Amino acid sequence: MRRALALALLVIGLAVPAAAGARPVVGGGFEGSRGSGASAPSHLDRRTARAGAPSHLDRRTAKSGWSETKTLSRKFVQADGSTYSFPSHTVTVTADETTNLRGRQRILIRWKGAQPSGGRASNPYGENGLNQEYPVVVMQCRGVDDLSLPAKKQLRPETCWTASVVQRSQITRSEGEASWTHDLAAAPEDKGRITGLDPFPTAEECPAADISPYFTKLTPFATAKGETFVACDADHMPPEAAVDAAFPPAEIAAFTDTDGTGSVQFEVRTDVENESLGCSDKVACSIVVIPIVGLSCDQPSTPMTISDQACRKGGRFPAGSSNFANEGVDQAASPALWWAPSNWQNRFSIPITFGLPPDTCDLLDPRPPTGFYGSELLAQAALQWAPAYCLNKQRFKFQLNQMPDIAGWNLMENGGGVAAEVSSEHPRSGTDPIGYAPTAVTGFAIGYQIDKPDNAGEYTDLRLNGRLLAKLLTQSYLGSDLGRAHPGIGDNPLAIMSDPEFIKLNPGLSPNAQEAGATVLSLSNSSDVIEQLTDYIAHDQAAMAFIHGKKDPWGMVVNPKYKNIDVPRADWPMLDTYVPETQNTCRQDNPAVYFSQLAAPVSTMRDIADALLDSWPNVQTRCEKDLGTGLYKLGRIDRQSYGSRFMLGIVSLGDADRYGLRAAALEAKPGTYVEPDSRSLAAAVQLADQRKKYHPFALDQGDVRRSGAAYPGTMVVYTAARLQNLAKDDAAKVAQFIRISTTEGQKTGSGNGELPGGFLPITRTGPTAKLFDAAQETADAIEAQHTTGPAPTDGPDAGGSDGGSVAPPPGVPDEEEPSTEPVPSAAPSAPPTAVSMPATEPVGSELAGGLLPLLILLGAVGCVAATALRVAAPVVRRRG
Amino acid sequence: MTVTLEKPAGRPRSLRRPQLPGARPGRRQADRRPRPAPRPAGPPSSTDTAASVLSTSFTMIAIVCLWMAAQLLFLGSISQQRAQDLLYGELRTDLAGATAPVGPVVPVGDPIALLTIPSLGIEQVVVEGTASGDLLAGPGHRRDTVLPGQVGTSVVYGRAASYGAPFADLPDLHAGDEIEVTGAQGVATYTVLGVRRAGDPLPQPVVEGGGRLTLVTAEGAGRLGAIAPESVVYVDADTTKAYPAPPGRPSVVPDSEKAMAADAGALPLLALCLALLLALTLGVVAARQRWSTALVWVVASPLAIALSWASTDVVMRLLPNLI
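Chains as they are written, first to last, in the numbering used here: chain A, 1 to 880; chain B, 1 to 323.
Hints are computed from structural coordinates only; laboratory data are not their basis. Keep in mind that the hints are not guaranteed to be accurate.
Said to hold, decoys possible - Covered stretches of chain B (chain A as the covering partner; in silico rule of three or more C-beta atoms under 8 Å from a C-beta of chain A): (1) 69 to 75; (2) 186 to 198; (3) 244 to 253.
Predicted model only: the values in this text are computed from it and were never measured. Glycine residues also receive a C-beta, built at the ideal position from the N, C-alpha and C atoms.
Sequences are here, hints too, so could you generate the full structure?
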């Protein structure tokens, strides 16, 4: 008895720590790996350490990262000529990626040791970030800080981009707002009343600039082409700085926490997005980080003038406070004077280089491209791979044409394209066998952009499960009060943020419903991504019960239009037909299906990534009256304002990594949430298995739900090509592509031909070894184009069987093989001389032969026997 | 209103009824078998019971077998001819309206072409699909081949002995005979290359731009050959002028659509048919308690015939498709 008790205690003692160890989110382990491999210092708080972490696979921090430390301090020259120094700040700035950047790529910039900021603005971007104190200004400038270079390639405030004039020029300021005139580091000629440009613009050009006794300081902008915009008002700014420009401002006055740390995901722009700034692979640029520590001031006059006092101000907001009302701040500590020499000398300039533009191959290689058609998942990899082909004359000119997987597949099957890029098995419609070669391991993510309430920064730990995704996809959230009258679901939550299930999973977010929270921005056309996502839902019992009409524990029901919808499926239909009845004139003039306006799916995942980058949901419910015609029209709602952003969208892991989008952790094993990272992708690859040679690897979501370590959105992109009847040179190209992309193309990096982030490298060893082997095998088969090669679906065991004696495969199909049939792309047909043909195989069935005679015989026997019995029975009885 | 008034009047009659049929069968049995009647009352002897059970069983076997043979050979022809009439009308409309199918994927069971063999007097509408059930209506086109009349090899299956036996005389064709196919794209005239049996070499590959039609059926040997088709026989015919075939047809067909294959998918349906027959039997037994025998006969026989017919059609799907 005592021994049993001791044993039980021992078991419990072992089990409890084990369970506790298994408890944390799997993605959490990624921080550790990141921390050790990267220069992410362990004393950064959890939020910042995680900020860039989700979805960043194998970041090349060690290789292309950048770090610098400087000591900054603010100095006042006192009236008696002595110098007073404020305590100095030793600031370290790091950037995770600086080479081969692409347009709109976001790079993570972190700093520590900076002066804590005060008066935090809800939107720190562009001119909205001006009313803050002691922020860190991050901006993109043309040129680099290298004194050995000619002046044209040097970095100057004039080459730094700002999206508005107030960020660069101080125009007609009163003396109390002219603190820059007492900047200690400024040259004497910059301390005048009107400065910044010599000769100063005339009154005709800039009527507001020179009004005595007001002070003006211009910081003109010099474009890449040599043009100068004087920046004295909005009319004298580069075209990209126009109001409502295509891209929202990227420069930011970022907030430093009270412990001196901060981070920002800074979006870089190339000459494609911003021609005036003009950064490209040929024009070197920098990211300039200026931690504002306050102006240093020169010797004041006695008594101090108002501007002397203004220069010496130290801020009116306490560190860590917010400035919701956008009140004015002390100019000396504000980001508006970033160009002032004492601020400018504190800059960290991070040199960045850009990768080749997407059209490089079109410009530099006159050869006709060989098109591969299909999956968008491969887009970011193809962007880096393509130049490695077209710039090498030994190779062919590779081009990825993105389209729905099935469209690419069909093109490949009917000869319109040499190969398709797909990520699941597709049914064959032609006669040629198809080989699938694993080319890249990546996947999809539920990208999000969510702000924590009370200006507390971005939310970085989103967790979602199958049922929440099912609720979003089935349009079961109401969106707004307009949805209340929807038959059958009037009591459902308005949006996911007010759903108790979501709140329980992601505590601490604002429960105020927004229309954008009722939907996840998805794809309108068929895609393997949607198939995998819905397959994930199909393997979630709770989600399926919900779809089949069972209420969730909080009483939410599925939209009746989507009840019992078939999953998995490759395209997600818009089934709802509910048109709200309202008094709103605009809606009465434009009756539309409300839930479809909320969902408004788009055709590419890149569009979704852009929408997330701009936090601009594709919800089409904005009503506007066109003043010209007096008509109402519906359109896309405004960009979400900072501090209350909430948007979800389906993105590819490649895009998520490139643009620094956050990816939600998805539920794998009940209660375990897995983020996409190299480990969880590898775990999923380990679960996938190949059913047949040349076939794709199938990832069973049931296995994923049991493993608890594999990311459910993992997808392998295959290069699929015909194993027969592909022209020889095309076959050689496809084989070459498979071989190069699975060897050289799997080296992670940002250079040409390398594998970008968001992909798990396929290697000779390790969990991806089986993919590597399958790829080589398929490449050989594609190159060989065996005419009598393996016909994977019509083996010798395919003969019919009816329980009887049905024969071996009929001889007929043999002669129907396409080899004897003139296919347009096939080689010249059979020569006119007689060919020795195989013999017809015997096919027969004893059942078929014996059936009718047997029936008749049995019938006759039955008749005779019955009659005989009838006749004989009385006779027998009588005798008896 | 009237109904409620009549009801009370009818009730006594219906109350009395159960007694009558109870008496009647007894009397009828007595009438029919006068010999056992005079025998002294008592439990029937074991020989009696055995003889009666045996006799009934043999009768049932005879009825089932003969019914089936009759349906395969005679009744089936009626339904097949009717199906052909309907298909012919449908195809005619389709051709006139230019909506006849050209492939690559045609719904199973749709008419696709008219097959005429003047030397044998065959004129049949070819339907899509070669499963046993599809061939009940007429010759069927194998779905992984081009349509008859198109460039490439087209394969058409037909029954040899049952359900109208459209291809029964196929082995009588000789090289040089003509086969005419009228499809959506026009008329194609094929010339027979010969009859091919197991062991014969396959014909030479089709010349480029030409078409081949392979008719497939079965034949038997010996005296009962006509009703015992056990081995598959092919007739190949070539044409030099064929119409272009659209790409994208399926590369394989299910096992049930290959030569001499059966469609096991019909089993559930068969179970349903047999259950209905059983229900009918029980219904007859119950009805005989209430109604006169003549009435039961009148009501039950059409039902029984219809159900048997339907059940046999289902059974046919479970049998090899070229019979």
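Here is what the structure says about each hint:
1. 69 to 75: holds (count 3)
2. 186 to 198: Per the Cβ count (3), the hint holds.
3. 244 to 253: Check passed, 6 qualifying residues.
Checked against the numbered hints above, the structure violates none of them.
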